[in-house]
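Chain by chain, the residues run as shown.
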Amino acid sequence: MSFLSTIINGLSVGGMYALVAIGYTMVYGIAKMINFAHGEIIMVGAYITYVVFSLMGMPVIVAVLASIIGCALLGVVTEKVAYKPLRNSGSLAVLITAIGVSYLLQNLFLLIFGSAAITFPDFLPKGQIHFLGMSISYVSALSLVLTCICTFLLLLFVNTTKLGKAMRAVSEDKGAAELMGINVNNTISLTFAIGSGIGAVGGVIYGLSYSLINPYLGAMLGIKAFIAAVLGGIGDIKGAMVGGLLIGLAEAFTITYISSTFSDAVVFGILIFILLVKPAGLFGINVREKV
Amino acid sequence: MKKKDIRQFILSFALALVIYGAFMFAMNSGIINSYWSGILIVACINVVLSTSLNLASGYLGQLTLGHAGFMSVGAYASALCSIYLGTSFIVSLFIGALAAALVGLLIGIPTLRLKGDYLCIITLAFNEIIRIIMLNIGITNGAKGLMGIPMSTNFTIVFFSAVITIYVIYSIVKSRHGRAIISIREDETASELAGIPTSYYKILAFTISAFFAGLAGGLYAHYITILIPKVFDYNKSVEILVMVVLGGLGNLKGSVIAAIVLTILPEYLRAFSDYRMLLYAIVLIAAMIIKEKNLMPHIKEKFSKKKDENKEVAE
Amino acid sequence: MALLKTEGLGIQFGGLKAVDEFNFEIDKNQLFGLIGPNGAGKTTVFNLLTGVYKPTSGQITFDGKSILKMSPTQITQFGIARTFQNIRLFKNMSVIDNVKVGLHHSQNYSLIASVLHTPNYYKGEEAIEEMALSLLRVFDLDQYAQVKANNLPYGKQRKLEIARALATSPKLLLLDEPAAGMNPTETAELMETIKIVREKFSIAILLIEHDMKLVMGICEKIAVLNFGTVLAFGTPDEIKNNPDVIAAYLGDEE
Chain R
0 MSFLSTIING LSVGGMYALV AIGYTMVYGI AKMINFAHGE IIMVGAYITY
50 VVFSLMGMPV IVAVLASIIG CALLGVVTEK VAYKPLRNSG SLAVLITAIG
100 VSYLLQNLFL LIFGSAAITF PDFLPKGQIH FLGMSISYVS ALSLVLTCIC
150 TFLLLLFVNT TKLGKAMRAV SEDKGAAELM GINVNNTISL TFAIGSGIGA
200 VGGVIYGLSY SLINPYLGAM LGIKAFIAAV LGGIGDIKGA MVGGLLIGLA
250 EAFTITYISS TFSDAVVFGI LIFILLVKPA GLFGINVREK V
Chain Z
0 MKKKDIRQFI LSFALALVIY GAFMFAMNSG IINSYWSGIL IVACINVVLS
50 TSLNLASGYL GQLTLGHAGF MSVGAYASAL CSIYLGTSFI VSLFIGALAA
100 ALVGLLIGIP TLRLKGDYLC IITLAFNEII RIIMLNIGIT NGAKGLMGIP
150 MSTNFTIVFF SAVITIYVIY SIVKSRHGRA IISIREDETA SELAGIPTSY
200 YKILAFTISA FFAGLAGGLY AHYITILIPK VFDYNKSVEI LVMVVLGGLG
250 NLKGSVIAAI VLTILPEYLR AFSDYRMLLY AIVLIAAMII KEKNLMPHIK
300 EKFSKKKDEN KEVAE
Chain W
0 MALLKTEGLG IQFGGLKAVD EFNFEIDKNQ LFGLIGPNGA GKTTVFNLLT
50 GVYKPTSGQI TFDGKSILKM SPTQITQFGI ARTFQNIRLF KNMSVIDNVK
100 VGLHHSQNYS LIASVLHTPN YYKGEEAIEE MALSLLRVFD LDQYAQVKAN
150 NLPYGKQRKL EIARALATSP KLLLLDEPAA GMNPTETAEL METIKIVREK
200 FSIAILLIEH DMKLVMGICE KIAVLNFGTV LAFGTPDEIK NNPDVIAAYL
250 GDEE
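Those protein sequence lines, which keep their order, are chains R, Z and W. Here the first sequence is numbered in numbering that gives the first Met the number 0, starting from 0 and rising by one per residue. Here the second sequence is numbered in numbering that gives the first Met the number 0, starting from 0 and rising by one per residue. Here the third sequence is numbered in numbering that gives the first Met the number 0, starting from 0 and rising by one per residue.
Source of the hints: derived by calculation from the structure; they are not laboratory data. Hints are all accurate, no fakes.
Okay, derived cross-link-like pairs now, SDA-like style, lysine to any residue, Cα gap no bigger than 25 Å in a straight line: (1) R:K173 - Z:D186; (2) Z:K143 - R:I257; (3) W:K199 - W:L189.
If you're wondering where the values come from, they're calculated on a predicted model, not measured in any experiment.
With the rest of the complex left out, here is chain R:
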């Protein structure tokens, strides 16, 4: 593979990571928890698209919308049922519960669909787009375009709307936000809904890129996207996008120039490096403990 196509490949996979990472980063920013089940929500998103498009024969746009809405609802419900009761508990309790939710979703889908991979509907046109002398597959182009659009819209939402302001306030200080008349519960629900909805888009891209889906797909995808979020500085939406793209590139270059067996190791290596050198991530600010 040439250098250029490695870059395009990396950016395309990276775009998918970015879409998933946004969910991690938003939830961490506001609920201060690693939503370990986020990867599984993405998996559910891919399955919803498959069911609505392939099994029910609905148009693509309906399938994708159903997947976004389904994931958003699932995100809200998991928060209400599993995380909300633990809002004031230590991070360990929340972490284990999130892992529990991830096991639950994974095994539920194993029961329903079996462990064998299912062919994801290929609704994009075949062939390649030729652009400035490069050829890009439709999935790659779509992945990149969607990542940019989603990040842009989200930033616009968070920075300019009233609800976005409420989100930022809750992420700063839940108690103070509540005293200012912000409905903290609704704001947290909204965050989970948006994060999971955008994640669903990532799930669709996953299906299109790899054309096979199974109930385990969320585990590694989730961890890598989380690493992307940490790399960019957790809690920072821009950071999640940049982090996702960088992780995608690192992976693509490792596969092309070293070996595919080490691509995961490189990603974990990046995580270790960034946490040891600048734990707050590329865009984060270190906070000093008050004594």
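Fit chains Z and W to the known structure of chain R by using the hints.
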């Protein structure tokens, strides 16, 4: 103090011997069949894992998700010694534990500056990197699995390994070193300003914890006789952490009970094999919520009363 | 020679000079008061003296040695102990274990000794137990020895924190608003205890307090801090009559 302590020590040791004798009798006379004997061995290995992780996560208060990584280092190191160097079983176990402790030390030095979720995720990353290394270096035979490990582990060795692990960790916790470790969990800054060399104790506790994880790995390797890297992925680390959390952080007795229950319970669920993991997930979520929301005040009260009477469990 | 001496001590957070050109001296066995309005930088001075913050300028000499390069742990071992404005006990440990953590370095039995329960271990543990109890007795806390620190009433928690600090056998004890949140009777009682502590352990004490009258009552020397710099320095009488102090501090109060 000294007399009381020695009396308690002799009593506990006698109790351990009685339990051991009872199990040996039950196994030899066929009351416990060989299938359940095997499960008991796994339960004892899990006791070693959960009590040792409790030192790092419960007493020291550092959330780690890499215990399976240390276990795999111990497993591979001891298995390779037995296969290629022909060392005796006990020596192999010891080398495995030391290798895990060394890796624990090397990982602990840079990572223990991090706290909470970050530490958790970085230990997970190390866990996965160790797994990928085991998968790709020639001597471990990668995904095909390391075979030909002598089957040396029996109930006697795992039982006494578990007893020794509990005893060592209990003794550490009850000493000035243990108090230093617990004070770090309570308030690291205050601990530092009470003169405790916190970095030293964090790394020490982490290394001891890795040592026993390595011991458990060696026992596992010489029981299963084939090692596959996938067994030691982060799901295994989660499994051990769940035992510690459900048993109670900083509660050794709880770790022991949780390790045994969580090893045996799934066997009873075999009838529902398809739903087993699903049930496990639901139990896990429910247990965490019940525990954190204190939905069992009565049970808990009874529990803490018992604790005071026995004065055995340091919290 | 002074026990503790700072020269040109300063620290900046971002562009803000939290403490600037801070010079003062404490003698052996002296009761020294550090006062000043909210946000004057009093606690920051404590954080600098105990190594929690590293100063951006200046020098700190303690017992004839510079402590700038020492870690908080080393500084504590070298003889400066402190309490915190917002109590920081080891909440889930028993009262006596809190003090025992402070006594960590009073014994030196090894990790192996504690696992093997050697005579050395028992000797050490018995000595620690005894010392901890006698420290608790000074503060009338011995009957609570086995109580969880978190379950102590507020005033007793403050005392326990002082006991824990004393357990490190300091030469200088820093008390950060020890009377905060106490009623007048409790405060008076605490001040008595502080005096007794100084006599009994023959140590120097540096006290941060809001309550001017209180500090005037027991301290031999006082430094007034305002906007991170020393506004005045002297005996209580000198401070009382210092026009700058009256303007900046007393003037607001009365």
